[in-house]
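Participant: Spelled out from the first residue to the last, the chains are:
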Amino acid sequence: MADIAFLLLIFFLVTTTIETDAGLDRMLPPIEPPDEDVVIKQKNIFTVNINKNGQLLVEEELMDLKKLRQAAVDFLDNGGAPQGTPEYCSYCKGKRNPDSSDNPQKAIISLKNDRETKYGTYITVQNELVGAYNDLRNREAQRLYGRDFTEMEAEYLNPETPSKIRDDLKDKVQKIQDLFPQKLSEAETSTNN
Amino acid sequence: MAKFNKKKGSDVPAVSTASLPDIIFILLFFFMTVTTMKDNTLMVENTLPNASEVKKLEKKDRVIYIYVGKPSREYQKVFGTEPKIQLNDKFASVSEVGDYILEERAKKPQELQNVLTTALKVDKDANMGLISDIKQELRKVNALKVNYTTYEGDAFRNLQ
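These protein sequences, in sequence, are chains E and B. My numbering applies: residue 837 is where the first sequence begins, and numbers increase by one. My numbering applies: residue 3 is where the second sequence begins, and numbers increase by one.
Think of the hints as simulated: they come from the structure by calculation, not from any bench. We put the beta carbon where it would ideally sit given N, CA and C, even for glycine. Some clues are possibly wrong.
[To be verified] Derived pair list, reagent style PhoX-like, types lysine-lysine, alpha-carbon separation capped at 20 Å:
no.	chain 1	residue 1	chain 2	residue 2
1	E	Lys-1006	B	Lys-110
2	B	Lys-110	E	Lys-888
3	B	Lys-72	E	Lys-1006
4	B	Lys-110	B	Lys-57
[Claimed, not checked] Just so you have them, the derived chain E footprint on chain B, three or more residues with Cβ under 8 Å:
no.	segment
5	21 to 33
6	56 to 67
7	123 to 135
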């Protein structure tokens, strides 16, 4: 009896691959262009270019990949709109530089890559940009609810969480997402240079 | 069997093995339930990149997989070493991606058809040009939710 069970056990032990896939979630833009043209101020756009050698051009300057996260955080959290205007960002802790983004709702990160860029480099850049958003969202979630946003979101997305807790979390997650909406635009790849 | 003589003659009973089959069965059932047989044989090299800000892909029935990478060694003679797309069990060109997604979507139950995620399992040495083409195809069939499947780890390791 035990022998047969052992045999089966060993078979399943060997064939088991407990794989839980994980990765970066992204939404692609719909193919139909929006009805009206939206005018976006240049200062609200944070351009990131990756060339085929994996070098970064951020806001027309060469930048090290390790500094990208901080640069993105600075840009998103800038809150350059002056106090008193409806665009004023009360929770931003940035430098409030009038030449950078008005508020996180307006701030857009534009990512462009070459056709010959390595996928690994692209993922690293994506990871850093998503990380910048997560850092800021965690900060706000800590301030408002005393816990990390990423943790709250994981609990909300977990199907095993009781629905009562999920309903409660849904509002909180939504609120934080509204404070720092992820606006990451990806233009079509360039072929030149 | 060696015999150990204990002078004090304490009578510690031998450990009963009567429950051993039960324990083994419990383990067996555990592994039987968590086992998922691989349904796709990989025909491409698939070393995923690392990322730290990952989210788990929860429900497997809502995921459509697309593999991209260099053909594995046994296929290199026929297909070369340029990264290729693998859908199900065969190589495909970019133009077939859209049809594949529609086909897979039609197979799923009605209520899941709007919440499907496309998991892109791409080798880290693939070029972005191919990925951009795939993304363009996905946009055409309105499969906008994508997940770049990665390993969990330090993202800067991708650069080496």
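Participant: If a hint holds in the structure, say so; if it does not, say that too.
Facilitator: Going down the list of hints, with the structure as the test:
no. : hint                   : result
1   : E:Lys-1006 x B:Lys-110 : 27 Å, violated
2   : B:Lys-110 x E:Lys-888  : 39 Å, violated
3   : B:Lys-72 x E:Lys-1006  : 42 Å, violated
4   : B:Lys-110 x B:Lys-57   : 23 Å, violated
5   : 21 to 33               : holds (count 7)
6   : 56 to 67               : holds (count 7)
7   : 123 to 135             : holds (count 10)
Figure legend: structure checked against the earlier numbered hints; hints not met, in rising order: 1, 2, 3, 4.
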